[in-house]
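**Q** Chains A and B, in that order, give the protein sequences. Numbers 524 to 812, taken from my numbering, label the letters of the first sequence in order. Numbers 239 to 412, taken from my numbering, label the letters of the second sequence in order.
Hints are not guaranteed to be accurate.
Claimed, not checked - Some chain A residues near chain B, calculated using beta-carbon distances under 7 Å:
(1) Tyr741
(2) Ala742
(3) Leu743
(4) Ala785
(5) Ala798
(6) Ala802
(7) Val804
(8) Ile806
(9) Pro808
(10) Val809
(11) Ala810
(12) Gly812
Stated by the list, open to error - Computed spacing ranges between beta-carbons, pair by pair:
(13) Tyr773(A) - Ser390(B): 14 to 24 Å
(14) Ala558(A) - Glu298(B): 50 to 60 Å
(15) Ala558(A) - Glu306(B): 41 to 51 Å
(16) Ala288(B) - Thr737(A): 32 to 42 Å
If you're looking for bench data, these hints aren't it; they were derived computationally from the structure. Even for Gly, the Cβ is constructed at its ideal location relative to N, Cα and C.
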Amino acid sequence: MDPLVSGRFAPPPLYGLVLAGGRSTRMRRDKAALAYQGRTQLERAMALLTPHVARAFVSVRADQGSDAVRARFAQITDAHENIGPLAGLLAAQAQHPEAAWLVLACDLPFLDEATLAHLLRARAPARTATAYCSSHDGLPEPLCAIYEPRSREPLAAYAAAGKQCPRKFLLGADTLLLDQPNPRALDNVNTPEEYGSAMTTLTAQSSATTRHITVQYYALLREQAGRREEALLTAARTPRELYAELSSRYPFSLAPEVLRVAINAEFGEWSAPLADGDAVVFIPPVAGG
Amino acid sequence: MRWCSFRRSPAVDNARLGKPLSVFRFTRTSIEPQALRAQLADPACGGYAAFEGWVRDSHEGLRVRHLEYEAFEALAVREGERILAEAIARFGVAHAACLHRVGDLAIGELAVWVGVSAPHRHEAFLACRYIIDEVKQRVPIWKKEHYVSGDSGWVNCERCAAPSAHAHGAHRHD
Chain A
524 MDPLVSGRFA PPPLYGLVLA GGRSTRMRRD KAALAYQGRT QLERAMALLT PHVARAFVSV
584 RADQGSDAVR ARFAQITDAH ENIGPLAGLL AAQAQHPEAA WLVLACDLPF LDEATLAHLL
644 RARAPARTAT AYCSSHDGLP EPLCAIYEPR SREPLAAYAA AGKQCPRKFL LGADTLLLDQ
704 PNPRALDNVN TPEEYGSAMT TLTAQSSATT RHITVQYYAL LREQAGRREE ALLTAARTPR
764 ELYAELSSRY PFSLAPEVLR VAINAEFGEW SAPLADGDAV VFIPPVAGG
Chain B
239 MRWCSFRRSP AVDNARLGKP LSVFRFTRTS IEPQALRAQL ADPACGGYAA FEGWVRDSHE
299 GLRVRHLEYE AFEALAVREG ERILAEAIAR FGVAHAACLH RVGDLAIGEL AVWVGVSAPH
359 RHEAFLACRY IIDEVKQRVP IWKKEHYVSG DSGWVNCERC AAPSAHAHGA HRHD
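One chain only, chain A, in its complex shape:
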């Protein structure tokens, strides 16, 4: 690569850090281990983060390194105590000063792919940080934000001066502030009541976005799927999306262009909305007679 490009213009590598070193005092339980729909908060955050970064770490306190929830991830251990979430970022920057850090709190159950993708697209490597404005109070959201390498020295100085609030740091720094594409995505969960309410909301969202579908296979598709029928829980909204999903699972050789689709034993449209309980058949080219 042209050294001018790589040296002067290429953005620094982006590493990811999920903050899981909090004490969860208000929750009275470890927040990283709270489960939503079968996955812990920490697993959810790491799964969202990992595809976007060159390396992903979980930030832990010295006494948390071997606990079961955290032990399966690469870790960075806090060097400071009792300074809140800033401790994790300071330790990460000390260990990899060349990297920019995408920092996520682990208590954001509503954080979605669209919110992360928007932050990454809007990232301004020449600024100190890129962050969202809170949809509640308009102040910077420090725990779903990107900190460029140039933030390292001012952050260390900020902490050395006895300050701990990352929001105030971002307010005083050269921060690119963005509006949230999904205003609820960064709502955090600090108390058992908030956890209960988040679970209810997520369960309702999930039942609105997934449906139980029965698929029957015939002829060549039956052979390629290795089955006559199956019941699926799918996020596919149309037969077209469902066939794409199934094509990633089975070695289907037939393109959708040569198939027809039936919904509940009647010919249907590829773009028809699927409803919970629908029975779908993809119809290969026919050859009766």
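Chain B: place on chain A using the hints.
**A** Okay, now just chain B, sitting in the frame of chain A:
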């Protein structure tokens, strides 16, 4: 042969009252055209035309050992009966029926039977031709050929790079 499914059909009773018989069915056993033909008899009809599709021993230069038919029966019966109703409405025939085999078939066996009765021969021929042509193009029935060579293939599915392949039955009986 599921002859009894015809006989039990309310459509057959309707036929005796002068209403059209219009029945599409599948069978897993051999088709007996003589018995089916009797169901289409009607004093008002002077013509009967039938089509029998037989299992042939070759397809596009390959020697065929036997065939396997499979159908999505729930939709196939609906679509098949729509075709029969279209034929009755379009050509003014009295009765129309179609019986299709599924399962394994040997060379020479009867794969499909279409029968039409009408006041006169002309519309009976036209309706019979219409029904078999539409069935081959529209009804969800699939045919797997097992070749003498040991290979096998689903007709119209193995070369689906050509998107229009399914619109035309490659294996014609006529």
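**Q** It remains to establish, for every hint, whether it holds in the given structure.
**A** Structure-based check of all given hints:
1. Tyr741: Where the cut-off is 7 Å and the nearest Cβ of chain B is about 5 Å from Tyr741(A), the hint holds.
2. Ala742: Nearest chain B Cβ about 4 Å off; hint holds.
3. Leu743: 4 Å, holds
4. Ala785: 5 Å, holds
5. Ala798: Result: violated, 18 Å to nearest chain B Cβ.
6. Ala802: 9 Å, violated
7. Val804: 6 Å, holds
8. Ile806: 5 Å, holds
9. Pro808: 3 Å, holds
10. Val809: This interface hint holds because 6 Å falls under the 7 Å limit.
11. Ala810: With Cβ-Cβ at 4 Å, under 7 Å, it holds.
12. Gly812: Given a least distance of 4 Å, the restraint on Gly812(A) holds.
13. Tyr773(A) - Ser390(B): 14 to 24 Å: 19 Å, holds
14. Ala558(A) - Glu298(B): 50 to 60 Å: Holds - the Cβ-Cβ distance for Ala558(A) and Glu298(B), about 59 Å, lies within 50 to 60 Å.
15. Ala558(A) - Glu306(B): 41 to 51 Å: Hint holds: Cβ distance 49 Å, inside 41 to 51 Å.
16. Ala288(B) - Thr737(A): 32 to 42 Å: Given a distance of about 38 Å, which is inside 32 to 42 Å, the answer is holds.
The earlier numbered hints that this structure contradicts are 5 and 6.
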